[in-house]
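K.L.:
Sequence:
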Amino acid sequence: MVERTYTKLREHLKTALNVLYHILSVVIVIYVLWIPIQAYSMPFSWHVIISTLSLIPLATEALMLFVSDNVWSQGIEKKTKTLIHGILMGTSAVLMITGIALEIDRTSGVPNYPHFQSAHAITGLIAMIILILAILGGFCAMFAQSLKGFLRPVITKFIHNVLGNLSFIFGIVSLCCGYYTNWFAYYTSEASRLAATIVTAIICVWSLIHAFISGVKQVQAIMNVPAYRGVPIDVQGVNRPLSIIRLSRHAVNE
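One point on numbering: in full-length UniProt numbering, the residue at position 32 of the sequence shown is 32, and numbering is uninterrupted.
In case anyone wonders, no lab produced these hints; they're calculated from the structure.
Backbone N, C-alpha and C define an ideal beta-carbon position, used for all residues, glycine too.
Treat each hint with caution, since some may be false.
Dumping the calculated SDA-like pairs for lysine to any residue here, alpha-carbon to alpha-carbon at most 25 Å [stated by the list, open to error]:
hint, residue 1, residue 2
1, Lys81, Glu61
2, Lys217, Leu83
3, Lys79, Val216
The calculated label-pair distances, taken between Cβ atoms and stated as ranges, are [claimed, not checked]:
hint, residue 1, residue 2, range
4, Tyr6, Ala101, 46 to 54 Å
5, Pro111, Val19, 46 to 54 Å
6, Val71, Thr181, 20 to 28 Å
Let's have the full structure, built from the sequences with the hints guiding it.
P.N.:
Here you go:
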């Protein structure tokens, strides 16, 4: 009875935390998008709007999709989740590329404009390049079984995982650097920018937890280290020494 109550409380807590995660994401989106809408300027406002949306919520939801306690994707089967993940990340890539292209086009007519000199611009460009590679890796991961003659499926999926995570991290860093550009600082307070940076960092780490765990399991599979589920159970046999039985022994699928 106590164990059942504990399990229910744990599940309710996980659901509540997941809802909190989505609330924080909505808060950041509203905080960032309100400014380019209020101080609308074509095409710069669209650079801010679609570049932000490419990360939050598109990339974040693509990562959270596979989390077991994610509120909106719990009842979706894995094959469908993979399809939705691809659609979300593909849309994210299109928006990110378009957002960067709009800013390049806007500044191309400005004499001696320093393209890709700021931390915001450099990290954004790196995020876009790695994201394109991650999507290509995603196609390889989708057909991993067909390509297993060239590369083990678990390695293909691990490469896709690493590239996707790196792209997301650089994108989030670029977003946070954007909070401190002259344009954004003009419309916001220092306290609000600090708060936004902290919340964005929390969203980033939260989004990557499941992907990191998957990466660890993939490394174990690559190195042929068996991953165990379950706990050891000590059993004292009659007239024989203490032995250990481990239940639910499963290796990571390759």
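K.L.:
Now, for every hint given, state plainly whether the structure supports it.
P.N.:
Hint by hint, here is what the structure shows:
Pair hint Lys81 plus Glu61 holds up; C-alpha atoms about 11 Å apart against a cutoff of 25 Å. Restraint check for Lys217 and Leu83: satisfied, since their Cα atoms lie roughly 22 Å apart, inside the 25 Å limit. Annotation: proposed proximity of Lys79 to Val216 holds, straight-line Cα distance about 22 Å (limit 25 Å). Remark: the range hint 46 to 54 Å for Tyr6 to Ala101 is upheld by a beta-carbon distance near 52 Å.
In this structure the hint that Pro111 and Val19 lie 46 to 54 Å apart at CB holds, the actual value being about 50 Å. At roughly 34 Å, the beta carbons of Val71 and Thr181 sit outside the given window of 20 to 28 Å.
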